[in-house]
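Peer 1: Sequence:
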Amino acid sequence: MNNYHLLDQIGEGSFGRVYKARRKFTGRIVAIKMINKLGQSKDDILSFRREIDILKKVDHPNIMRHIEIFETNTDFCLVSELARGDLFQIINDNATLPEEVLKSVAAQLVSALTNLHQHRIIHRDMKPQNVLICANGALKVCDFGFARALSCTTLVLTSIKGTPLYMAPELVQEQPYDEKVDIWSLGVILYELYYGKPPFFTNSIYKLIQMIVNEKITWPGKISDQFKDFLLQMLQKDPQRRSSCANLLTHPFISKVPLTPFDDSDYRMKKQQFDEAIEESLSDTASLPFQPPESTAPDYQGILLNPSTHTPEELLMAVKFLSENDKSLNENDVSNESPLAASFAYHFTEFITKPLVAEEALKAATMLLKSNPADFLTHFKVGVCILGEPDMPHAAIDFFTELLVVPYVVKMVNLIDLSQNDLLLDDEKAEKLRDKLLSFLFTSDPIEASKTYAFMSFLVQVSPIFVTAISGQFVSQVVPIITSSVIHRTSSPVTAGALAILAKIVEKNSTSIQYIQPITDFVESFFAILKKIPTSLESFCVFSAAMSFLSITYSLISQLSSFQQLFNLSSKSSDIQTFILQLYDGNLDQLSQSLLTYGCEMPQTQVEYLSFVSILSSPFSHLPISTSIIDSCISQINRLTVYHQPSLLNSIFSMPLQNIMNALTSLLHLFDVSSCADRFAEFLLKHVKSDRDPVLVASLVHCNVPVKLSQFIAEYGPATTPAVISLLTHIVLLNQKPTPELVNQAGDILRSVFAVDVTSEAALIIAAHFARLGSDFIEILEQCGALVFAEQQLKSNDSAIRALTLNFAGNVWKNGPLREDVAERIFPQIFKAMKTEKDKKTKRFAAFTVGNALYSSPEFGSEVLKEFDIILKLFDDQNVELVDCAAGIISSLLHKDDSYVSKLAQNGAFEKMFSTMSKNEEAGNRIIMRIPTLCKYDETRKLLKVKANRTIIQKYTKSSIDVVKSMAQAIIRIIDA
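Residue numbers (the working numbering): 1 to 977.
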């Protein structure tokens, strides 16, 4: 690194930062990719070394050329040419390129890929960001972190790397692939540069994969036949039909584009001369050793790169220089993170653990977090090590506001996991932190007080150790201090923070409520907060904090005489919702509208962030919803911040079911909001499962709820929640008749569940039920690929899936014969399952399906008779359902004609049936129901008349089961006729 001066960070590489740099003592500007050795996995290092190996192999004017590679103690450094930008910038600027320009782009990139593929290298991550634009307008392919070199004996690869938007169909399906994946990616890039959007685009990765695999290329605007053909040759879904680079070079679209090789021999000669001159001037034998002029200014870059070798005074100077001069600290220029700032962030612990430097370091870190939190949050998290330290400076509050409080609020608003990284607090440090923060409260600066209260509010929510410290033996001194802030209400963050802190203290230690003094002043102030309908996001946050305090402390505070007198509590105000109804009598709708208005707002200003952090629970959690405002709540719920949506839903769903059903059509849009859909599905599922009311189910179908659920599954794919899948399944299963509405919706339902792996079980259950409902659904099942899906699932390793598949197939066959080619593929698998399955349930479904298949397609009987001993063994099973299936198979073979009678007799089928009936009455009750088929033919009727067999049947005429008794009597009448 001594030969280069870092100027700016200009981007991110595969797994490292990229800097713009200047070769010292020259004007040569280069790009340096620095990959830190620490924390890199073996795979990361392997990928980087692969990139180096590939760069050494290739030498092409349209492939980024490396200049040198070296290592420092901490980094691998790859020095290469510096580009001006990339193709992504064109796309990001919503620009498109005409065909004439794209001819040159295509020719250069095809030429580059040709060179790579000739060296048996697959790039695997071709995308606009990896095509750089150089000063002379030439394009350069770069970033080979994902590339893979093929050996001479390797034809295809299977590991997936790269960007899904530009992935070829074989890649997204995890199939073997070769260099043709780069051709597809190039086609997508050129299409996007021409139309301004890729051929397939959606926010859902799952849907994107489905589109890439299944959907056809569309042409949304005018395009020449020649260019269209060029793109089509690259965008063939079948890699065997996709063109190669060699063929593309001869395509009329680019064949006449001049590709003048860039001659850099002059540059190489000058570089060699320069390196030799430097080496000679620094050698011991040089007559005039090279001495660069000494600089009187400290080497701040060196100090920040290696702070452990410098004194605290030097570190302080470097941090001050960073604060005063580095443009990363300029909030108007957040796009350029400098090497100085990056080094400071990487070695942050070295600065904040030195008392002389800590305050200045925290100020600099705070400014960096404000200007560019995404780049610095991870590095600065180590700053929690100073929490509870006796010399923690006041600047730490500003720092922790940006490091912890603001990101926490962002997570709150979006309902992201609020779990917090370890704050490194133990009991002793928590008590010291408590004392330090309480001392910070006594400040004349209202902004600093707001930040301190907000930080304490954050701590009581994420750190049980801090809650213990603040609500323990010291509570009698803490609570009055916090109480005074509620009474005086100096600012929104202070008031909201104080209420949140008090709520968590009382929740932890109920006896602490006695220290809320003077109680009358507190109750009056609290009353004023609750009665004031919010008029801004700040007042909304204060109101919400008050509601949270009320919900946590109501059982205690409602017992205080001053509270009872001021709020005029009645004996009926035993719970918080009754209390709220009484408190806002006549104004509840106005309050609800206000909460809906400000519940939609995101915090923007610092004061709003500092106030929002103290909302312990959404005010909608405690708000009774009246019938007069339910429509307004429903219409606005998707506009609320995600944090409030579940709470409002819970309040709505606490209303009587009839009120919800009356508004069902309006509620359906909740399935378009991912954060609401699951909760709505859970609510409906609860009532569908418990009530099993056909009227309720019919209403859901009538309102197109199954279609909405199907659309949700199609949108979210594997991320679909179990409640949504279960609700859809239950609605279908509770429909016992093939209503026209259900028939119309069946296609949408089936297409969605068949397309997602996580819904395989539900898909088979739903498909089996549709097949069970009758022939109205069979054509729909075939059109939706149900039988193809079943073929695949028969090979599943999960016996439960195989059982469901067999049940589905059996129900389909019950409606009539399958298409001949499908039947011939599926039947052998089913018969094999009946023979080999060890799981009794799966074996039973296999036997059930064989019976139904033979009923519709008796031509398979000859195959069954070849191994009829398998059927006979089923009669000996203890599972009477299996015995019933065995009898069903015999009955099915005789359904259409008597062609199999003699062979069945030869194989002992009838003998086994009657033998089982005589020994096992429970099994006999099942077998007797299959005997009527034997009454159809002369030969089998003779068999029934045999005395021994008639005696066995006669026994069942005295059965206690009416249906068995009636059947046996009917058979006897036929025999005796």
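Hints in this document: simulated from the structure, not taken from any laboratory. Incorrect hints may have been included.
To be verified - In silico DSSO-like pairs for lysine-lysine, Cα to Cα no more than 27 Å straight-line: (1) K737 / K795; (2) K840 / K814; (3) K896 / K942; (4) K197 / K216; (5) K795 / K873.
What the hints assert, rightly or not - Restraint-style ranges between C-beta atoms, simulated for each label pair: (6) Q969 / E922: 12 to 22 Å; (7) H119 / I29: 44 to 54 Å; (8) P718 / E921: 46 to 56 Å; (9) T349 / P220: 47 to 57 Å; (10) P220 / A800: 44 to 54 Å; (11) W219 / T349: 52 to 62 Å; (12) P258 / E215: 16 to 26 Å.
Backbone N, C-alpha and C fix where the C-beta goes; we use that ideal spot for every residue, glycine too.
Peer 1: For each hint given before, does the structure comply? Return the numbers of the non-compliant ones in rising order.
Peer 2: 1, 7, 12
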